[in-house]
Amino acid sequence: MKINTLGYSIKQGLKNIRRNLLFSLASVGTIVACLFLFGIFYSIVLNMENEIQSIEETLTISVFFDEGTDENRIAEIGNELKAIKNIDTIYYVSADKAWNNYVDDVYGGNEDYVHSVFGDDNPLANSSSYEITLKDISKQKDTVSQIEKIENVRRVNSSDGTAKSLNALNRLVGYASIGVILILLLVSLFLISNTITIGISVRKEEIAIMKLIGAKDIFVRAPFLVEGVLIGLVGSIIPLGIIYFMYNGVIDYLTQHFTVVANLMHFVSVGEVYKGLAPIALLMGVGIGFFGSLITTHKHLRV
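Heads up, the sequence shown is in my numbering, so the first residue is 1 and it goes up one at a time.
Hints may contain errors.
In silico DSS-like pairs for lysine-lysine, Cα to Cα no more than 27 Å straight-line [stated by the list, open to error]: (1) LYS135 to LYS97; (2) LYS149 to LYS139; (3) LYS11 to LYS85; (4) LYS139 to LYS85; (5) LYS82 to LYS135; (6) LYS15 to LYS82; (7) LYS97 to LYS149; (8) LYS139 to LYS82; (9) LYS135 to LYS275; (10) LYS135 to LYS149; (11) LYS82 to LYS149; (12) LYS97 to LYS82; (13) LYS135 to LYS85; (14) LYS141 to LYS85.
Derived by calculation from the structure, the hints in this document are not laboratory data.
Model the full assembly from the supplied sequences, consistent with the hints where possible.
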């Protein structure tokens with residue numbers, strides 16, 4: 001597109017917005033509302049995913065050995081575990097360490113009494129193990145199956161129920177995200193389409209003359225495309241600004257007034273949220289405006 005054509009398109013696009021100011025504002029308002037809701041939903045989902053990931057990182061698989069397995073063989077088992085791709089971290093827990101951890105957890109503050117009863121005996125003498133975390137909790141079943149095939153592995157303890165619940169929650173969040181985005185996109189496209197349609201009807205005679213004197217397709221359509229893009233751009237910038245200044249205030253309110261939330265949740269910083277939200281919202285806003293205008297001009301102009 002030539003510079004003079006681009007300048008004309010921008011000028012006419014701005015004129016179209018002024019001519020149909022009420023409908024343009026309605027379209028901007030709708031995009032603002034839709035992208036604001038999307039931004040809120042995105043922030044909630046991101047924090048949920050962050051919390052799910054934190055929980056996943058605390059889930060461990062315990063690998064116990066056959067009685068009488070010597071230290072060399074235990075070390076070899078550790079190397080075999082490291083070769084499994086989905087295993088993230090491996091930590092060896094000796095029988096003595098396991099017993100001390102049990103005493104601390106169950107008899108905290110009464111360790112002297114426990115030692116007076118058991119002395120130097122270790123009831124968990126055969127409970128040395130490897131504590132493992134996974135890279136992808138959804139593959140836990142397959143990973144456990146691989147571990148169980150290793151020679152001298154007596155038992156593998158894993159949190160199957162928790163893993164299934166987290167996987168189900170991840171899928172639910174994913175499906176909900178897709179559903180909300182589609183609904184918001186359709187509503188925004190509908191209003192942008194109506195605004196552009198009105199703009200075309202207002203300039204109907206002017207467009208007819210332009211077509212009669214041989215104006216190219218892009219020359220006729222460009223002002224409406226510019227109009228849609230500008231509406232979409234403004235409609236995406238406004239909610240980004242609102243959410244940016246709201247985010248920390250909402251988190252501060254929740255953590256100060258709801259102790260349970262403060263203890264359970266680890267909120268993502270506003271900077272982390274906007275690394276993804278800002279480009280997505282801008283692309284959505286501009287995309288809604290552009291494609292809404294493109295579809296409408298193709299339908300009504302037939303040039």
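Verification of the hints:
no.: 1; hint: LYS135 to LYS97; in the structure: holds (25 Å)
no.: 2; hint: LYS149 to LYS139; in the structure: holds (16 Å)
no.: 3; hint: LYS11 to LYS85; in the structure: violated (58 Å)
no.: 4; hint: LYS139 to LYS85; in the structure: holds (11 Å)
no.: 5; hint: LYS82 to LYS135; in the structure: holds (12 Å)
no.: 6; hint: LYS15 to LYS82; in the structure: violated (66 Å)
no.: 7; hint: LYS97 to LYS149; in the structure: holds (26 Å)
no.: 8; hint: LYS139 to LYS82; in the structure: holds (16 Å)
no.: 9; hint: LYS135 to LYS275; in the structure: holds (23 Å)
no.: 10; hint: LYS135 to LYS149; in the structure: holds (20 Å)
no.: 11; hint: LYS82 to LYS149; in the structure: holds (14 Å)
no.: 12; hint: LYS97 to LYS82; in the structure: holds (22 Å)
no.: 13; hint: LYS135 to LYS85; in the structure: holds (8 Å)
no.: 14; hint: LYS141 to LYS85; in the structure: holds (14 Å)
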